[in-house]
Amino acid sequence: MWAYIVRRILATIPVMAVVALFVFSLLYLAPGDPAAVIAGDQATPEDVERIRASLGLDRPYLVRFGEWVWNIARGDLGISIFTNLPVSTMIAQRVEPTLSLCLITLVLAVSVAVPLGVVAAWKQGTLVDRAVMGFAVLGFSVPVFVVGYLLAYVFALELDWFPVQGYTPFSEGVLPWLENLVLPAIALGGVYIALIARITRATMLEVLSQDYIRTARAKGANQRSILFLHALKNAAVPIVTVVGIGMALLIGGAVVTESVFAIPGLGRLTVDAILRRDYPVIQGVVLLFSFVYVLVNLLIDLLYTLFDPRIRY
Amino acid sequence: MDRRTFLQATAATAASAGFAAPALSQGANARTLRFVPQANLANFDPIWGTQYVVRNASVLVWDTLYGLNDKLEPQRQMIEAEEASSDGLTWNFRLREGLRFHDNEPVRARDVVASITRWMARDPMGLMIRAIQEELVAVDDRSFRWVLSKPYPKLIYALGKTNTPICFIMPERIARTDPFQQISEYIGSGPCRFLRNEWVPGARAAFERFAGYQPRQEAANWMTGGKRMMVERVEWHIMPDAATAASALQNGEVDWWENPITDLVPLLRRNRNVQVDIADPLGNIGSFRLNHLHPPFNDVRARRALLMAMNQEDYMRAIVGNDDALWKRLPGYFTPDTPLYTEEGGEILKGPRNLDAAKRLLQESGYSGQPITVLAAQDQAITKAQGDVTADLLRRLGMNLDFVATDWGTVGQRRAMKNPPGQGGWNIFFSWHAGADCTNPAAYNGIRANGDGAWFGWPNIPAVEQKVAEWFDAPSLEEEKRVIGQLNRVALENVVYVPSGFFLGYQAWRRNVSGVVKGPIPFVWGVSKS
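Residue numbers (the working numbering), protein chains in the order written: chain A, 1 to 313; chain B, 314 to 843.
Rather than coming from a laboratory, the hints here were simulated on the basis of the structure.
Hints may contain errors.
Stretch by stretch, here's where chain B covers chain A in the computed footprint (C-beta under 8 Å, at least three residues) [said to hold, decoys possible]:
1) 152–158
2) 161–168
Partner residues aside, some chain A positions facing chain B, computed with beta carbon under 7 Å [claimed, not checked]:
3) A11
4) I38
5) V48
6) G78
7) F82
8) Q93
9) V260
10) L269
11) R277
The beta-carbon is built from N, C-alpha and C at its ideal position, and this holds for glycine as well.
With the rest of the complex left out, here is chain A (with noise of 0.2 Å):
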């Protein structure tokens, strides 16, 4: 097992460095210049020229890789272009808000859909089959920046429970903290859930139809047992890999629900990175992005062993 978990952090490596080229090739050949962007609308191109050479790119792009490559080997992420701060320094102020979010959704998304999912297998064909499934359409169908529009106005602004925006860092509080959590996790995880239960539905249908379930009916097993012991730990692989898929879909998620509540977490820093060019903080945020996701993916492997005995690293 830990040779296996060593084996699979060293693979990230040369995956990380595929990532790495990629993402500095294609914003080296993407338009857009972030000297122009720093010098605003009134500067001359004399005055661009000279901010495009203080912060050396117009150098080449083998130069500028390899000491991006260099400082990153050392574990600098370099000095964002616009605040002059420390890229690190950056990502570590974006942390914990996505963190926070991402976590408060995948618990939310899981506890919801996962029973969803079981009761739709359960009742298969019935309206509540039909309901869960409704929801579950719903849920892919309307865009995240809706649901959390629509959040906001009933629940905020209307109703007056929840905040609007912004973020209370879980040191001030967790009441605070799970405030302002709320709504933006309903609204990212809308989507998450009708992924979750629409899998779940599935895996259950088919697990429940196996002979090892007849037996247990046959022997006298309860409702509950047979679904949430018998079955739903059969049925579990699938689930916990689509959970992990999933985490992809939060990521791009948080984007927009970081946007819409005004929450100042990685996904907004991203957007503001892209708009403005700031290369070393796009760098940076998609490094850490692809280093969180290649984990992710290790800790769904790992979890297997956990659900089914059958599998052996």
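Assemble the complex: chain A is given as a structure, and chain B must be docked to it using the hints.
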């Protein structure tokens, strides 16, 4: 620890953490002004980065030698007195007593000299002064002398103007930073300290009243007079989404929103706790730049064809909607309702539009159907609106369109390219100028027509430059008005750029906030909260 104990401990920790949340008392709330700025404060060096949002934050932190009042007249601010020699070549300045930086060091003349020197390197007027500067020296701690080789009547105006970059006064060690490098220390001379530790670019910035600031005795008037802070703390909450900002203002989560979009203004007006009014009476001038280097717009007839055919109302309605209080036709280049405003030579933009005559003029210019490359940034509402209207206009004129719908970052890069349009260059891009920049030619780079030195599009029209030079030398307001009339005429005859109209924007604030004034900058001094 068994499961029950663990759960009890977790619940107790969570509950205590929840109760431990710092509650903002009513008094503390009234002492904090929560403001939603027009954009993200992505950097904080008003000389290095000349975006308006940086300037607007900087006026809180750094003071100026002079400032402009609401009549656009420069008034003393950090300066106690100045004296010019009879030939206008030697200027002696004396600083007010008791001026302090935020590290409690006194403001000395050598700080001022270093600050002016850094500013001059980045400012169009500063560069003109630098070209005729013989000497700029600190005489003693409170006095400095400026010697020129040629009189520069607009010297005081240059030091007090609100256009970016403003000549802010910083400590000498900071002001010695290369003007093309960012400063990394934010020791100010203004009414507020910048709380660097609380700065999260893209999300939040905070400022705290500086107790050691010495306001002038006069009442505050725009950038002049006593800048008295009525709140202890100013928080900037950056909200990229207008609907979120509107909701936060209605909900009382923020107090003042600098630039609500016009679509949301009716919603805000319906809220009895919110007040809406014009933000900046100097407004903005919409513009589209034509590339004077390449056909067809290297021919003045093609440029005039556009003026003849365009309807400014189309542009303005696309930008501000149907609120007629927000726009005006602009048959000229200068800001309406300011002393130098003129419509001289503006007939081509008045009256019924003549598409047929414009088509004929275009044909005479030799236009033969080549694609017109139009750069339209879609992430800026103003440029997108102008792009859409212009695309329709060009089609109606029978022109072939190469419409490049892109983002502002790409336009910023591509507009600097002088290649022919088919090889990475362009024919048209869109922008707008703050009305405060267009009250005279001092900081109005859009009106300049000095070829390679001009703004993007590179118009080369010596007659325009001649009039700009005459304005700089004009000794009286009457003379300035005469020259500006001629400048307006010659600039329109040659179509330096296409003015698409004059438009205003709104600002909105909670009714428990008082002291908000209209101006080119959201002036926070004098604003209080109950």
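State the violated hints by number, sorted upward, taking the hints as numbered earlier in the document.
-> 3, 6
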